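In case you want the letters, here they are:
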Amino acid sequence: MSVISHKCPNCGSAVNYDAKTGSVRCVSCNSEFTNEEMKQYQDKIKSESTTDEDEEMDPEQVKVATLAKIEEIEETQKGVEWDGDAGYTEDVDGGVVEYRCPSCGGGIIADHSVSATKCPYCDNPALLTENLSGMLKPEIVIPFKIPREEVKKALYKFYKKKILLPKKFKEENHIEDVAGIYVPFWLYDADINAKYMFEATRVRSWSDGSYDYTETSYYDVYRDADMSFSQIPVDGSEKMDDNMMDSIEPFDYADNTDFDGMYVAGFMAEKYTVDHKEAAPRANLRIENSAEDFCRETAYGYDGVLAKSGGVTKTSEGSVKYALLPVWQLHTKYKDKTYVFAMNGQTGKFVGKLPIDKVKLAMWTVGSALFALGVTILLDFWGNM
Amino acid sequence: MKTNFKKHFKIKSIVSLLMLAVIFSGFVGSVLSHADKQKEALKNPDLVRVVDQVGILTAEQVKILNQEVKVFMEKHNADMLVALLPSNLSSSSIEKLGIDVFNDPEGYGVGEDSTGVALIFNVKSRKWTIRAQGRAEKIMGDRDDLERIFEKVAEHVKDHRNNYFDGFREFIKISDQNFTRGKPMPVYMPLWFRLMIIFVFTGIVVGVLVHQMSNVRKQTTAREYLVEGSFVLNDGYDRFSHTVTTKTKRSDSGSSSGGGSSGGGSSASGSY
Chain R
0 MSVISHKCPN
10 CGSAVNYDAK
20 TGSVRCVSCN
30 SEFTNEEMKQ
40 YQDKIKSEST
50 TDEDEEMDPE
60 QVKVATLAKI
70 EEIEETQKGV
80 EWDGDAGYTE
90 DVDGGVVEYR
100 CPSCGGGIIA
110 DHSVSATKCP
120 YCDNPALLTE
130 NLSGMLKPEI
140 VIPFKIPREE
150 VKKALYKFYK
160 KKILLPKKFK
170 EENHIEDVAG
180 IYVPFWLYDA
190 DINAKYMFEA
200 TRVRSWSDGS
210 YDYTETSYYD
220 VYRDADMSFS
230 QIPVDGSEKM
240 DDNMMDSIEP
250 FDYADNTDFD
260 GMYVAGFMAE
270 KYTVDHKEAA
280 PRANLRIENS
290 AEDFCRETAY
300 GYDGVLAKSG
310 GVTKTSEGSV
320 KYALLPVWQL
330 HTKYKDKTYV
340 FAMNGQTGKF
350 VGKLPIDKVK
360 LAMWTVGSAL
370 FALGVTILLD
380 FWGNM
Chain X
0 MKTNFKKHFK
10 IKSIVSLLML
20 AVIFSGFVGS
30 VLSHADKQKE
40 ALKNPDLVRV
50 VDQVGILTAE
60 QVKILNQEVK
70 VFMEKHNADM
80 LVALLPSNLS
90 SSSIEKLGID
100 VFNDPEGYGV
110 GEDSTGVALI
120 FNVKSRKWTI
130 RAQGRAEKIM
140 GDRDDLERIF
150 EKVAEHVKDH
160 RNNYFDGFRE
170 FIKISDQNFT
180 RGKPMPVYMP
190 LWFRLMIIFV
200 FTGIVVGVLV
210 HQMSNVRKQT
220 TAREYLVEGS
230 FVLNDGYDRF
240 SHTVTTKTKR
250 SDSGSSSGGG
260 SSGGGSSASG
270 SY
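Residue numbers (numbering that gives the first Met the number 0), protein chains in the order written: chain R, 0 to 384; chain X, 0 to 271.
Isolated chain X (complex conformation) (with noise of 0.2 Å):
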């Protein structure tokens, strides 16, 4: 009875401890080969993510942008890219360049998708790009949410106030919250146009119910007192006398990307 039941123990410890082995081994595993993923998944490690081609950052707000981009492209595992760039672009060259960065082979991104965010300003001729990219297109939304999320950049940017560094800042702090979301940031209408709601739909109610009240009106016509047939054209002409054309120049806001040779994504870019 007492070797039966060591020979069983025996049997039980042996299998608990492969199990265990089993189980760790898989651990293991899947934390390197999660770790190699991630590594070999940055296309390009060296490439500098915060690029001041203008000069306009401080060396502590560089420091500070570089310190936030790392945490971001750790925590997401997704490339991003900040840039001044000095040169003169159009709206559509910019754009093409926020696309380009993530479809060179030896360019941002991270994966086979190239996933990963930019955020691209031409300081000379003041126009922005937003680039997502990959999996971030689906996180970042398409081209009215990019447009949404630079609104809030350009709040420090904007009418010359040149804030790059708050807005740097805020494009990082809006693209971690996108990423932890799993979604672009929630669009809520504008306080006008829900007071504008709030008054048109109020109005029609009180209206209708006012007017119900009395059904005393003045009569201005006598439609109905017509005598049936009694209507004869006898003379008239209509003649073209001049046209007005108004122009109105299009707003420049941005276009949508399909996406290049490496995976789909989405842009916006404009003026600011």
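The shape of chain R in the complex, shown without the other chains (with noise of 0.2 Å):
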């Protein structure tokens, strides 16, 4: 089967992974399981399950070949190619795909950059496994640590002392859906040296009866350095905008883990659509900047360094990993133009763009020039005491 399921040990319903617990909870039973209990719970269907999927199957056997594909897809070795024509997918529709519910043998109609997904039918939280597996299979996955209930609250806080927000926007948009997104992420890892010629400038000033003098001492200032970075994250995906994905940096990776499948239950997740070797420039754009910045830091007592050439190499092969990162992602529509924000699920940093009321703009540009008006007369009226 390609597409996966999480059921409650108890009571056969499906399973959420619950970011406020950091453990699964049944949607029916409210039981709540660590995932050493699920993964245990999968070990015993699995030794009890048959894997001969030719043979009429009742639901408790769907759910034991289910959760052992799980552990294949699990199992599989990184660096083996993804396959998109696998037989239990149907190109409906210029690269949208309708994979079928485990639960209720619903059509789930989905393009095929979402590996985690919701049954439109059951609402059963769905894992499109050919999405998560081979080339596509995450390395390490960040587990949502805000629940989804702070982030409504994230967002009328970001709200607040925002003097040019429009009245109407507070009072009229409707959140109405806030989405849970396991966002792919490169993260490269790289050793590099840095080589660079700075100019700098001491500058210094006097003056005598009848002339002020300025000098301006040049200095050739050269640097070489060795240096590391580690784990800079790049989006891999075209539908999440770059900016709002450098915004919600940084993520903690100290709570990095493997790829579990039971993290994603419950939430949107998507495979990348742009691989590392085209994310690639983005990190080396920030490795630059930095090596530089790092370079001319060294190079004290100067009034300005400038830098005139130089640039980074690699030192050793760098790595890249695939990660899926927690965010939270919120739509709302004003004057039918669509405003996106979107929250860090692991540290709750809040980020968007808000419309500006052309009015208050203009009120708060008459009133600040009035004001600098009124203090300049003050000025003089001051000076002239």
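None of these hints come from the bench; they were simulated from the model. A hint or two may mislead.
Unchecked claim - A partial selection of chain X residues facing chain R, derived with a Cβ cut-off under 7 Å:
#: 1; residue: TYR187
#: 2; residue: LEU208
#: 3; residue: LYS217
Unchecked claim - Listed below are the simulated DSSO-like cross-link pairs for lysine-lysine, each with C-alpha atoms no more than 30 Å apart in a straight line:
#: 4; chain 1: X; residue 1: LYS217; chain 2: R; residue 2: LYS159
#: 5; chain 1: R; residue 1: LYS194; chain 2: X; residue 2: LYS62
#: 6; chain 1: R; residue 1: LYS357; chain 2: X; residue 2: LYS217
These numbers come from a predicted model, not from an experiment. Quick reminder that beta carbons are idealized off the backbone N, C-alpha and C, glycines included.
From the two separate chains plus the hints, produce the assembled complex.
What follows is the structure in structure tokens.
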């Protein structure tokens, strides 16, 4: 089967990952299970199951087969190429694929980039496993830590002290959906050598009775340094706004864990649509800029230091990891324009771009100008007292 | 009763007359003493107050200027000199001259502190000086104030307009206004500076408000992903390359003076 759905060991209903407790909770009986307990349950089912998919299976057998598939996915070796023509998916229209829900048999329509979603008929979380296997299998995942109910609170907090925010936007906007998404990221490691030639200046000024003098001394400053960068994140999703994904950084990699399908239960997940080679220039640019900064900072005692030439070279083969990082995403509409907000699902950092009330902007512009004019008049008055 | 009344009336009349006499004598004395004081205060009434050694001003212009200077002197009890000189003086020399004309015991000025104002042009070297002596120092202001006065005067004489008649009249008018006000002419910030403050302030306020509407920013560095302790400086040098020195002439707009032996004052001088 290409679609799996985690089940409650008690009642067989769907389970979701609970960001608040870091465990798995049944949507029906509200039972809570640790990842370890879920794994033991999967092992138990696996030992009792059959893998012959041609046989007629009752629902319990489907469940067993599904959980067994999780194990199979997790054991898949990295480096195996993903075969898009796997037999259990059907290309229905231009890259959109229909999957079959293991719980109710309903059709789940999703594009190739979706790797976890919910069945529209039974609402059971579903893992589209072929998007999580082979090259598409993430090496690490950072689980959600911020629960869903915190997201809207963060949005309203984000509205606060935004003087130019249209009143109607606050009053009328309805966040209809808060989507928890595991966004594909590439994490780049690099050991580099940086060589830079800077032009540094020292400025000295003095005066005599008739002239003011300014002496600018120029220096050639050369720096050669080694440094290492670890896990620079670059999102691998075309759907997500790059700047927005940059803005929710940083993630705390101390919470990194090996990928386990259990973490994805109840969330959306995407597979990468920008591979690590395409995404690499963004990481390289950041490395180069920082390397230049670090070298420049070793040039002390100057009034100005400008890079004339230089660059970085790799001293060892860099490595890249495929990770799923937790992001809450919200959409809202205002005057036919969609506004998207994102929140780091681990740290709670909230980012977005709010609309500007043009009337308020004009009022503040005129008000500020009048205030400044008033201050200049007061200064004149005070100076002539 | 009638006698008492008469007696009382008589005494009252005498007292009143005495009081009136005292008041009248005080008034007359005051007027006389003031007139004496003014008359005595002008150190040298015979000096020429409008000097044109270059022959630029017409006789009619000199007459008008003399009249206006006289009115100023009488109104404010202060001396005034406006002069056009032919000699080739430097800024410092002309400024010293402005001080000397008041410090000379037989020179210009009113009273012990030689109160007076002077505007002197050296036409050949195109230098100027303004001197405010004695009481006039507080009224006309410091060097900056005197320079601002000259800016008004210069509108008539700079760029070879050479309208010294109107320049002197402007100086007399401003001096009269300052003496009437009892303090230097008000200083207003230039329009460009006022506009700059307005634009900068408005720009900062609006910029901050607009900036806070979005916190979506592209990351351009990877500073926080540097592995701690991994930065190793292998090689480097700092070599002197060359020096460039620029020399800018200081503005020759004047200097202030602490005053001479016969009282303090302020001066400004420069080119036009």
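Now the hints, each set against the structure:
1. About 5 Å separates the beta-carbon of TYR187(X) from the nearest beta-carbon of chain R, less than 7 Å, and the hint is met.
2. Satisfaction of the interface hint for LEU208(X) is found here, the shortest Cβ-Cβ separation to chain R being roughly 5 Å, below the 7 Å cut-off.
3. The criterion of a C-beta within 7 Å of any C-beta in chain R is met by LYS217(X), whose closest approach is roughly 5 Å, and the hint holds.
4. Distance restraint check for LYS217(X) and LYS159(R): the Cα-Cα separation of roughly 23 Å lies within the 30 Å cut-off, and the hinted pair is therefore satisfied.
5. Taking the CA atoms of LYS194(R) and LYS62(X), the gap is near 81 Å; set against the 30 Å cutoff, the hint is violated.
6. Between LYS357(R) and LYS217(X) the alpha-carbon distance is near 25 Å, which keeps this suggested pair within the 30 Å criterion.
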